[in-house]
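Colleague: Residue numbers (my numbering), protein chains in the order written: chain A, 146 to 258; chain B, 151 to 264.
Calculated directly from the structure, the hints in this document are not laboratory data. This one's a predicted model, so the numbers in the text were calculated from it and none came from an experiment. Yeah, the Cβ is synthetic: ideal placement off N, Cα and C, and Gly gets one too. Be a bit skeptical, because a hint or two may be false.
Computed Cβ-Cβ distance ranges for the label pairs, DEER-style [said to hold, decoys possible]:
| id | chain 1 | residue 1 | chain 2 | residue 2 | range |
| --- | --- | --- | --- | --- | --- |
| 1 | A | Gln187 | B | Asn251 | 19 to 27 Å |
| 2 | B | Asn157 | A | Gln190 | 28 to 36 Å |
| 3 | B | Met176 | A | Ser173 | 43 to 51 Å |
| 4 | B | Ser208 | A | Gln190 | 31 to 39 Å |
| 5 | B | Lys201 | A | Thr201 | 20 to 28 Å |
| 6 | B | Ile226 | A | Gln190 | 22 to 30 Å |
| 7 | B | Lys221 | A | Leu258 | 47 to 55 Å |
| 8 | A | Arg226 | B | Glu218 | 12 to 20 Å |
To give an idea of the interface, some chain B residues facing chain A are shown, with a C-beta separation under 10 Å as derived from the structure [unchecked claim]:
| id | residue |
| --- | --- |
| 9 | Tyr185 |
| 10 | Tyr198 |
| 11 | Phe241 |
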Amino acid sequence: DAKTTQPTSMDCAEGRAANLPCNHSTISGNEYVYWYRQIHSQGPQYIIHGLKNNETNEMASLIITEDRKSSTLILPHATLRDTAVYYCIVRALNTGTASKLTFGTGTRLQVTL
Amino acid sequence: NAGVMQNPRHLVRRRGQEARLRCSPMKGHSHVYWYRQLPEEGLKFMVYLQKENIIDESGMPKERFSAEFPKEGPSILRIQQVVRGDSAAYFCASSPEGLYNEQFFGPGTRLTVL
Chain A
146 DAKTTQPTSM DCAEGRAANL PCNHSTISGN EYVYWYRQIH SQGPQYIIHG
196 LKNNETNEMA SLIITEDRKS STLILPHATL RDTAVYYCIV RALNTGTASK
246 LTFGTGTRLQ VTL
Chain B
151 NAGVMQNPRH LVRRRGQEAR LRCSPMKGHS HVYWYRQLPE EGLKFMVYLQ
201 KENIIDESGM PKERFSAEFP KEGPSILRIQ QVVRGDSAAY FCASSPEGLY
251 NEQFFGPGTR LTVL
């Protein structure tokens, strides 16, 4: 799986949009971009994933550049409960089987009042 | 729908004892993954199992660690003769069949070796 690079930490004011960048310049054509977060030692929580089109769900939006070398996770209205470590993961999906997640160091997002 | 369940949530063992960690996947999920998170470190993949089969154990230490996912019952991660370096949070995840299969994580078991 391709390597990802994320900022170590970010701050965001409550109610504002949190934009978390991820660089994955070596991504292959069959690799998806996944985002998970881990809130204070809890089990990681799936947020969203995408291949090349932008994606949106009830939690967040995922914007992937046209060349797929980078992406941005957007939390449109951050709350204090969004304070967590956010992991950007590039993952190949093999036909008929699932594959492991390779977690990097992630971005520690601190949402403040 | 119940999520992924792990027990015990906290486990204390003395050096040399055995630790057994259990994971019940979400209903309908046939894939189970185990990850380990050492203190102040990121999560590391250990093993991936389907019912009665180990698919990928590339992250498992070669000695003392084993995992199983029997036809009936939970998945078990077993650590024999624990050492202090085994102290960590162990997370289990499950996923359903299919290509677009996000993994759902349990709350973890925190193992402390005295």
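Colleague: What hint numbers does the structure not satisfy?
Modeller: Of the numbered hints given earlier, those the structure breaks are 2, 3, 4, 5 and 8, listed in rising order.
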